[in-house]
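2 protein chains.
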Amino acid sequence: MYLKKTLLAVAIAANTFVTFSALAAQQVDLLITDATLLTMNESKQTFENGVVAIKGNKIVAVGDQSIAKNYTAKTMLDVDGDIVLPGLINTHTHASMTVFRSLGDDVPDRLHRYIFPLEKKLVSRDMVRIGANLGNVEMVKGGVTTYADMYYFEDEVAKTVDKIGMRAILGESVIKFPVADAANADEGIQYALNFIEEYKDHPRITPAFAPHAPYTNTTETLQKIAKLSLELDVPVMIHLAESHREEEVIAERANGMSPVEYMHSIGALNKNLIGAHMILIDDKDIELVKESDMGVAHNMSANIKSAKGVSPALKMYDENVRIGLGTDGPMSGNTLSIIDEFNQVAKVHKLVNKDRAAMPPIKVIDMATMGAAKALHMEDKIGSIEVGKLADIIVVDTKAPNMLPVYNPYSALVYSANSGNVRHTIVDGNILMKDREMLTVDEDKIRQEVIEFTKIVRETVIESGEVVQ
Amino acid sequence: MYLKKTLLAVAIAANTFVTFSALAAQQVDLLITDATLLTMNESKQTFENGVVAIKGNKIVAVGDQSIAKNYTAKTMLDVDGDIVLPGLINTHTHASMTVFRSLGDDVPDRLHRYIFPLEKKLVSRDMVRIGANLGNVEMVKGGVTTYADMYYFEDEVAKTVDKIGMRAILGESVIKFPVADAANADEGIQYALNFIEEYKDHPRITPAFAPHAPYTNTTETLQKIAKLSLELDVPVMIHLAESHREEEVIAERANGMSPVEYMHSIGALNKNLIGAHMILIDDKDIELVKESDMGVAHNMSANIKSAKGVSPALKMYDENVRIGLGTDGPMSGNTLSIIDEFNQVAKVHKLVNKDRAAMPPIKVIDMATMGAAKALHMEDKIGSIEVGKLADIIVVDTKAPNMLPVYNPYSALVYSANSGNVRHTIVDGNILMKDREMLTVDEDKIRQEVIEFTKIVRETVIESGEVVQ
Numbered sequence: 001m002y003l004k005k006t007l008l009a010v011a012i013a014a015n016t017f018v019t020f021s022a023l024a025a026q027q028v029d030l031l032i033t034d035a036t037l038l039t040m041n042e043s044k045q046t047f048e049n050g051v052v053a054i055k056g057n058k059i060v061a062v063g064d065q066s067i068a069k070n071y072t073a074k075t076m077l078d079v080d081g082d083i084v085l086p087g088l089i090n091t092h093t094h095a096s097m098t099v100f101r102s103l104g105d106d107v108p109d110r111l112h113r114y115i116f117p118l119e120k121k122l123v124s125r126d127m128v129r130i131g132a133n134l135g136n137v138e139m140v141k142g143g144v145t146t147y148a149d150m151y152y153f154e155d156e157v158a159k160t161v162d163k164i165g166m167r168a169i170l171g172e173s174v175i176k177f178p179v180a181d182a183a184n185a186d187e188g189i190q191y192a193l194n195f196i197e198e199y200k201d202h203p204r205i206t207p208a209f210a211p212h213a214p215y216t217n218t219t220e221t222l223q224k225i226a227k228l229s230l231e232l233d234v235p236v237m238i239h240l241a242e243s244h245r246e247e248e249v250i251a252e253r254a255n256g257m258s259p260v261e262y263m264h265s266i267g268a269l270n271k272n273l274i275g276a277h278m279i280l281i282d283d284k285d286i287e288l289v290k291e292s293d294m295g296v297a298h299n300m301s302a303n304i305k306s307a308k309g310v311s312p313a314l315k316m317y318d319e320n321v322r323i324g325l326g327t328d329g330p331m332s333g334n335t336l337s338i339i340d341e342f343n344q345v346a347k348v349h350k351l352v353n354k355d356r357a358a359m360p361p362i363k364v365i366d367m368a369t370m371g372a373a374k375a376l377h378m379e380d381k382i383g384s385i386e387v388g389k390l391a392d393i394i395v396v397d398t399k400a401p402n403m404l405p406v407y408n409p410y411s412a413l414v415y416s417a418n419s420g421n422v423r424h425t426i427v428d429g430n431i432l433m434k435d436r437e438m439l440t441v442d443e444d445k446i447r448q449e450v451i452e453f454t455k456i457v458r459e460t461v462i463e464s465g466e467v468v469q
Numbered sequence: 001m002y003l004k005k006t007l008l009a010v011a012i013a014a015n016t017f018v019t020f021s022a023l024a025a026q027q028v029d030l031l032i033t034d035a036t037l038l039t040m041n042e043s044k045q046t047f048e049n050g051v052v053a054i055k056g057n058k059i060v061a062v063g064d065q066s067i068a069k070n071y072t073a074k075t076m077l078d079v080d081g082d083i084v085l086p087g088l089i090n091t092h093t094h095a096s097m098t099v100f101r102s103l104g105d106d107v108p109d110r111l112h113r114y115i116f117p118l119e120k121k122l123v124s125r126d127m128v129r130i131g132a133n134l135g136n137v138e139m140v141k142g143g144v145t146t147y148a149d150m151y152y153f154e155d156e157v158a159k160t161v162d163k164i165g166m167r168a169i170l171g172e173s174v175i176k177f178p179v180a181d182a183a184n185a186d187e188g189i190q191y192a193l194n195f196i197e198e199y200k201d202h203p204r205i206t207p208a209f210a211p212h213a214p215y216t217n218t219t220e221t222l223q224k225i226a227k228l229s230l231e232l233d234v235p236v237m238i239h240l241a242e243s244h245r246e247e248e249v250i251a252e253r254a255n256g257m258s259p260v261e262y263m264h265s266i267g268a269l270n271k272n273l274i275g276a277h278m279i280l281i282d283d284k285d286i287e288l289v290k291e292s293d294m295g296v297a298h299n300m301s302a303n304i305k306s307a308k309g310v311s312p313a314l315k316m317y318d319e320n321v322r323i324g325l326g327t328d329g330p331m332s333g334n335t336l337s338i339i340d341e342f343n344q345v346a347k348v349h350k351l352v353n354k355d356r357a358a359m360p361p362i363k364v365i366d367m368a369t370m371g372a373a374k375a376l377h378m379e380d381k382i383g384s385i386e387v388g389k390l391a392d393i394i395v396v397d398t399k400a401p402n403m404l405p406v407y408n409p410y411s412a413l414v415y416s417a418n419s420g421n422v423r424h425t426i427v428d429g430n431i432l433m434k435d436r437e438m439l440t441v442d443e444d445k446i447r448q449e450v451i452e453f454t455k456i457v458r459e460t461v462i463e464s465g466e467v468v469q
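Sequences listed follow chains Z and D, in order. Take 1 as the starting number for the first sequence in the UniProt record's numbering and just add one per residue. Take 1 as the starting number for the second sequence in the UniProt record's numbering and just add one per residue.
Excised from the complex, chain Z in its bound form (with noise of 0.2 Å):
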């Protein structure tokens, strides 16, 4: 209330006296005020009236509330003590997966058997579409305002994702065996290079190359990924220490080498590769990960889900390692949301280290935000609320019954918070949701789509005789 009066009062004052230039209101398009302020910079500064200040796609003051009088803005959008983070960026999904989400759960050896399958029937141009627009949803619902994906069909994943506004880097799939996209890896890669081309000035899409894992490319395949991601200078996605299996056929192939090993000895762990997982890894391998500046993809829920292990996480974050959150693809996580993630990292890194003050709640908040940037490579640009970066802004809920009170912002966010508490979703200075609305997109359109999919599923999967529970 003070400060919307104190507001009035400036812009009264700068119609009287318009000739004191020096006490005009600067004009902006966005100003977010009375904000539970998390900036997320390098000395994790809070406001507990912050008041952020958005012109176009970037942040152009941080403050607390006496900065507001400097500003009029076109949006106001008082927030009444609801936390103020940075947006959330998932650093590995395969968004478009959410059509599958909730089928055989419990399937042993469930990538091979299952998933690959029902993958070889059922992916197309469509069913990228739709699933991906459904994950956007459910991601900016959620808080999460960049992906890093994994699939097929990856330009029209970028079409969802110009459309509804959000980031992104879409990594096109490429795999040796034949996949509804590509006939081999080759064929794979001509994929990606044509999506790199189409996509490679876009604002906020980042095109990649995704080698899905290395035991399902052939070593020749890695590095030809590797050298042309060093010459176009574009992100490399894979999945990398991740089951038993991989490493296996790994040290078949390489005399016994781990995959990071592998990796690094056939010249393709580098600075644009982001590993997602990395579950098996061991000292040497992490410092192999430090050295080649590589950035790396945690993946807890999916990982535990799938008794897969944990991976030794906090101690690459608390060495520098560039790391960051992900939640796997809806078959895996099942859920494509950072917030939920939040809780599942705290305490099983607690649980892992028997120890309750080992994994304390900045440290998750910083690996949704900041160490995931760092982890896309991206922290110049996204991660953080700090003037010059672009306005990628999310506001939460601290009224809900399941929030209330806020005593410590990062341990309401990471014990209490559900992706149903976020607010309003900001993207490169754009609300993409409001009031829980969705603004760009049509979601009942969108949910829809899903909905006469899941037909196509369900008699696909029964006629098949594959297990639907």
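For the record, the hints were derived by calculation from the structure and aren't laboratory data. Every value quoted in this text rests on a predicted model; they were computed, and no experiment measured them. Be aware that one or more of the hints could be misleading.
Copies of the same chain look alike in the list, so a pair counts if it works inside one copy or between any two.
Keeping only pairs whose Cα atoms sit at most 27 Å apart, straight-line, the calculated DSS-like set for lysine-lysine is [to be verified]: (1) K434 x K445; (2) K227 x K200; (3) K159 x K120; (4) K455 x K399; (5) K399 x K121; (6) K381 x K290.
Please build the complex by placing chain D on the supplied structure of chain Z, with the hints as guidance.
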């Protein structure tokens, strides 16, 4: 749509040909239709277009859409395919502690160094009422219909439960040192006896004893309570086999016995007992638990947040111990929502057992419904949707972007759902929440009272120099 037309035709028929009494529809109070219905009965029966008829506080019919025509209802609830399941049961919490949520989450030796001193300063009738009101709202919004509470001034908690319309077992604390409502254990027992006398005939509230733990009470007190509880036929709730500190104190007191062995040896392990946590137990303890017919509250989220370890809850469940899920208090869990326990329970048991098939979703849902009802010795009244049982039922939104699609409703509940996905909550035949709106209490007023009280908490904590974050 088909269903509604049929009902209309039946209604007209009933009016026109009143003499054909065999055709006349039975009048009920509430008819739920078009449900993805999980009954959680003995055979785990499900219905794709399920119908539940409720008269007064009882379920009078359960079936598929063919039975709908047999009923006319004062209130119709067409849930459009949403998941309908028994109300969730929270077998262990301290609801009033919501007012302390997010305080000092990672303080070492937290219970003794932080929580007990905080409670000494701040627990009062007002605090208990204000906190319980918030906890109740959080639980109803998250689909909890029955809870088991251990705290002080439980007569204040009882008033809030009576008002909101939930079901609860409320245990008055007994502890050997001075607390807000008793100077010693004997005064605590007397407080409990008065409370039991006052509430022993309440239709939804079961008053109980709640000795805090074996190590915070004397053998004499524990035996006295055991004897009284059998005489009065009321439950006894206790924290049991939770911490190494407890193990050490009890081993010293009782010739190296485990806490469970000790309770058995003093005659306090019996069918009226509900033990919370039960982390540090071995096979011999489990045998004693089975013999005693006691109930167990499994609080995964709280136990891993504090790095205390993982209870062998899955083993107990598989060996038919009476075991259900609990959240523990909001300083421990930190939410009171059983639905938000689901994925942690499933994933951590998978992780610990190194087997993705170790904890299928249906077991998790069973532990939250029938398992929990058994843990509280209430399985004849609640825990499943069956004719003759009390009408405690919840409806979970299947169209939220994080829930879509639902090929397997158990899987969707465990891996996709969060507390925000609960749409309707029904207790004792009354709708307490409809379309996420509270119907029996004033949520805004409750929230305001909490916000006011947090000012006192902040001042007290900060003045005393205690850790806030």
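Item to complete: If the cutoff is 27 Å on CA atoms, where do K159 and K120 land: within, between, both or neither? Let me know, please.
Response: Within one copy only: 23 Å inside a chain, 59 Å across chains, cut-off 27 Å.
Worksheet item: Given a CA cutoff of 27 Å, do K434 and K445 count as a within-copy pair, a between-copy pair, both, or neither?
Response: This pair counts as both: shortest intra-copy Cα distance 18 Å, inter-copy 25 Å.
Worksheet item: Should K455 paired with K399 be assigned to within, between, both, or neither, using CA atoms and 27 Å as the limit?
Response: between (39 Å within a copy, 15 Å between copies)
Worksheet item: Given a CA cutoff of 27 Å, do K381 and K290 count as a within-copy pair, a between-copy pair, both, or neither?
Response: within (22 Å within a copy, 59 Å between copies)
Practice prompt. Could you figure out if K227 and K200 sit no more than 27 Å apart (CA to CA) within one copy, between two copies, both or neither?
Written response: Answer is within: at 17 Å inside a copy they meet the 27 Å cutoff, but 77 Å across does not.
Discussion item. At most 27 Å between alpha carbons: which applies to K399 and K121, within, between, both or neither?
Written reply: For K399 and K121, only the inter-copy Cα distance (25 Å) is at most 27 Å; the intra-copy one is 46 Å.
The earlier numbered hints are all upheld by this structure, with none contradicted.
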